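Colleague: Quick note, the sequences are listed as chains G and X, same order.
Residue numbers for the first sequence follow the working numbering, so the first one is 1 and each next one is one higher.
Residue numbers for the second sequence follow the working numbering, so the first one is 1 and each next one is one higher.
Keep in mind that the hints were calculated from the coordinates and are not lab data.
In this text, all values refer to a predicted model and were calculated from it rather than measured experimentally.
Incorrect hints may appear among the rest.
[Claimed, not checked] Partial list, derived from the structure: chain X residues whose beta carbon lies under 7 Å from chain G:
(1) Lys3
(2) Leu5
(3) Arg38
(4) Cys63
(5) Lys65
(6) Pro68
(7) Cys69
(8) Leu70
(9) Ile73
(10) Lys75
(11) Lys79
(12) Gln80
(13) Leu82
(14) Ser85
[To be verified] Below, in silico cross-link-like pairs of lysine-lysine (DSS-like), each with a Cα-Cα straight-line distance of 30 Å or less:
(15) X:Lys86 with G:Lys51
(16) X:Lys86 with X:Lys75
(17) X:Lys59 with G:Lys124
(18) G:Lys124 with X:Lys67
(19) G:Lys70 with X:Lys67
(20) X:Lys75 with G:Lys12
(21) G:Lys36 with X:Lys67
(22) G:Lys179 with X:Lys86
(23) G:Lys56 with X:Lys59
(24) X:Lys29 with X:Lys47
(25) X:Lys79 with G:Lys51
(26) X:Lys59 with G:Lys48
(27) G:Lys116 with G:Lys36
[To be verified] Some chain X residues well away from chain G (every beta-carbon gap over 10 Å; in silico):
(28) Phe2
(29) Cys9
(30) Lys18
(31) Leu26
(32) Asn33
(33) Ile34
(34) Phe36
(35) Ile41
(36) Tyr45
(37) Asn49
(38) Leu78
Cβ coordinates follow ideal geometry from the N, Cα and C atoms, glycine included.
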Amino acid sequence: MANTKPTLQPDKWIDNYADYLYNYAVVRVNDSDLAKDLVQDTFIAALKSAKNFQGKSTERTWLVSILKRKVIDYYRKINSKKGQAEVRMNFYVDGEQEGNWLEERVPQSWDNASEKAVENEELKDQLEACIDNLPEKYAMVFRMKTIQEFETEEICKELDITASNLWVIIHRARTQLRKCMEDNWFNS
Amino acid sequence: MFKFLFITCDEATMICNKSQYNEASLFEKIQLNIHFLRCGICRLYTKQNNKMSDLFRMKATDCQKEKPCLSDIDKAALKQKLENSKA
Chain G
1 MANTKPTLQP
11 DKWIDNYADY
21 LYNYAVVRVN
31 DSDLAKDLVQ
41 DTFIAALKSA
51 KNFQGKSTER
61 TWLVSILKRK
71 VIDYYRKINS
81 KKGQAEVRMN
91 FYVDGEQEGN
101 WLEERVPQSW
111 DNASEKAVEN
121 EELKDQLEAC
131 IDNLPEKYAM
141 VFRMKTIQEF
151 ETEEICKELD
161 ITASNLWVII
171 HRARTQLRKC
181 MEDNWFNS
Chain X
1 MFKFLFITCD
11 EATMICNKSQ
21 YNEASLFEKI
31 QLNIHFLRCG
41 ICRLYTKQNN
51 KMSDLFRMKA
61 TDCQKEKPCL
71 SDIDKAALKQ
81 KLENSKA
């Protein structure tokens, strides 16, 4: 029984899987250059460890599993180094009045909210700008959950975070986004 | 007594955000509604948050329509890099 064990065909990788892997990466990191780098790193890592491929999964599944680790590594990087450096906006009081709204950050009412929420390009651009303004880690988790509509469980597994961790991030991201849209769109 | 029913604005808006994805528990929803009785700010936040969700859904529909892929130039460059790394 020759040829029952699937063998790797690195020469065909790019034609067969580059788009699939790129797509996988870009919906997670939302940056085309970064996604290209991750795909490239994946192929290079795959070449190096080709001898470890046991043929238990398909070639594509195996490549995706390598890319998954690259995505986690990226998340950990923005979580540790850069994530800390970015200033996050506080909305609630610390200390005695803990958990109450900070006076200067209290939500203001929006005039003509329904008129302003009509779909148009300008609105989409502003929304995009607000999401880009979030600390990188918030933006990544927020996009995966809200824009790409991944299941909570899926995100937790892929980024190796807990559900309560995820909700804290979503909560902060959304509170900041609401404020950003209030300042730059609804009440501008 | 019943102290566990009372939550801060931070906690209330957290539950509100969770419920935008239909993932708040029944107990959390009860806590949130009790909080609403005495907090107009969080009621306003919630109303606006629903609007924000509409905007996000609009964006989600847009983004999911896109099918990003690599250009031939990108692929050629990728092939070159891979070839170099073999050497």
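Colleague: Far enough from chain G: is every CB of that chain over 10 Å from the CB of Phe2 (chain X)?
Modeller: holds, 18 Å
Colleague: Just to be careful: measuring from the Cβ of Ser85 (chain X) to every Cβ in chain G, is the smallest value less than 7 Å?
Modeller: OK, holds: Ser85 (chain X) within 7 Å of chain G, min 5 Å.
Colleague: Tell me if Lys75 (chain X) is really an interface residue toward chain G, meaning its C-beta lies closer than 7 Å to one of theirs.
Modeller: With a closest approach of 5 Å, the Lys75 (chain X) hint holds.
Colleague: Say whether it holds or is violated: Tyr45 (chain X) keeps its Cβ farther than 10 Å from all Cβ of chain G.
Modeller: Its Cβ does come within 10 Å of chain G, the nearest being 5 Å, so this is violated.
Colleague: Against chain G, with CB atoms and a cut of 7 Å, does the hint on Arg38 (chain X) hold up?
Modeller: violated, 12 Å
Colleague: Hold the hint about Lys65 (chain X) up to the distance rule: shortest CB distance to chain G must be less than 7 Å.
Modeller: violated, 12 Å
Colleague: When you look at the beta carbon of Asn49 (chain X), is every beta carbon of chain G farther off than 10 Å?
Modeller: violated, 7 Å
Colleague: For the pair supplied as a hint, Lys75 (chain X) and Lys12 (chain G), confirm whether the alpha-carbon distance does not exceed 30 Å.
Modeller: holds, 12 Å
Colleague: What's the verdict on Lys56 (chain G) and Lys59 (chain X), does the C-alpha distance respect the 30 Å limit or exceed it?
Modeller: Answer violated: Lys56 (chain G) to Lys59 (chain X) is near 39 Å, above 30 Å.
Colleague: Test the statement that Leu78 (chain X) is away from the interface with chain G: the closest C-beta pair must be farther apart than 10 Å.
Modeller: violated, 5 Å
Colleague: CA of Lys86 (chain X) to CA of Lys75 (chain X), is that 30 Å or under?
Modeller: holds, 17 Å
Colleague: How about Gln80 (chain X): closest beta carbon in chain G under 7 Å, or not?
Modeller: violated, 10 Å
In this structure, the hints that do not hold are numbers 1, 2, 3, 5, 9, 12, 22, 23, 26, 27, 29, 30, 35, 36, 37 and 38, in rising order.
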